[in-house]
Structure formats: structure tokens, C-alpha cells
Amino acid sequence: GNDIMHPVKAMLYYLKKHNIKQPVFSICSAAGNETLRDGGIDLRSLATKESITPANLEKITRPEQKMGAVLYDLNMDLSYAQIVAATRYLADKDCQFLAGGTDWLMPLTGEVMVPGFCDFLDTISRFTQREPTILSKPAVLLGDILKDVYKLADPKRCLFIGDSLTHDIRFALGCGFQSLLVLSGSTPIKEMCEANAEAQPHYYADSIADFIELYDNISKTV
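For the sequence shown, my numbering gives the first residue as 1, with consecutive numbering after it.
Each hint should be verified, as a subset may be incorrect.
Within a straight-line C-alpha distance of at most 20 Å, the following computed PhoX-like cross-link-like pairs (lysine-lysine) qualify [unchecked claim]:
1) Lys17 / Lys147
2) Lys21 / Lys66
3) Lys49 / Lys59
4) Lys66 / Lys93
5) Lys151 / Lys17
6) Lys93 / Lys21
7) Lys190 / Lys9
8) Lys147 / Lys16
9) Lys16 / Lys151
10) Lys21 / Lys9
11) Lys147 / Lys9
12) Lys49 / Lys16
No wet-lab data here; the hints were simulated from the structure.
Build out the structure end to end from the sequences listed, making use of the hints.
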């Protein structure tokens, strides 16, 4: 719905606001690409049925036309061929580079952590010598988009809740939001207590359930 903002929706907003030339080349997920197409973006992607070999990689990843931007986000189906194709489009200096998916770690369950997608992004960036425009936490640009979309004239009236000191709380503080760290995710209380004063959240709770209970109690008394 319109109440949920994620990096692909931030990309959609950015593409339209800045009138980025189309088509664009996306190595986002299938669901992300669908969101972009539904938003009116002329998008190209790369799906390969054949096995990739050194002999056919050049042809498969050859740029078919000029692209206004390369879009990168979390994509469980990301392939080496897609990464190579992205680097080839980015050889054109007029092609912009927009990215989400900067997390180092990705929680699958409470117990299972897997690598995030920032290393693949770093590989593309390092190889092309192109710095991406980051449209996910903790980039302040995402905060600017949130303030614009949701008409947040006074950022201090916004409470940003997250479970990561490096991404969520850093993002909230950089945007001027109030911040609440929940300890049910990637940050243990010891790490929060040892963080620098300027990296500390305004509030913390054991879980989001505690905040919901508090919010319900406040709502009943207002």
C-alpha cells in the first residue's frame, strides 16, 4: 500500500521527480521490477535460460541500447550475468546508478543470519568506479523522500523504529526523527550501551510488541 516505503518505491519516486531518462536497466527482484513497471517505468532486465560460459557471456551482457539508470536492490535471484550487464551499462557516464540493499546482514529467522547484498553492490561500484546514489537506510536522501511523500514538516514529530544501530538509528538521527531501538533484532543491549553518545537512540524497548502496548495505552487515555 501507499503507507509502506521501501527502496524500490523510493527509486520510483526519484526516477519520476528527477525525470531520469528511460528505459532503465534493473537488477532488482521480480517483485521490485513489477512495482516499477506498475509505476510507469520503462524497464529492461536480464533473464537467461541458457548456461553462462566465457564464450557467450559477452553477447548475453552486451548493452542493447542506452539506459538512463541502473537500478540495484535486494534480489535473491541475482546472477553473475546480471552483475556483468550492470557494469557494462554503467560504462556510459550518462547512465545513473541507483541502489538500495546496503545491509551487511539479512535475518532469515530469529536464529539464522545470512549475508546481505552490500558486497555485490560494492563489487559493481568498485569495478565501474561509480558511486551509487543510495535510496535506502541510512542515506539521508531516503529521509528527504519520506519527508516529501508524507509531508513531515516537523521531523521531530516522527518516531522511527528499528533494530539496527548502524542503519535504523543512524538514519533516524541523521533525518532529525525521534528514534526507538528494539532489541529483538540485530542489536544486543550491550552494543547499544557501548555506542557513542551521538549514536544512541532516544528510546529503546525489548520488542515492537512493547511499543504497541504503550501506544495502545496512550491512545486509551487521550
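Non-conforming hints, listed in increasing numerical order: 7, 12
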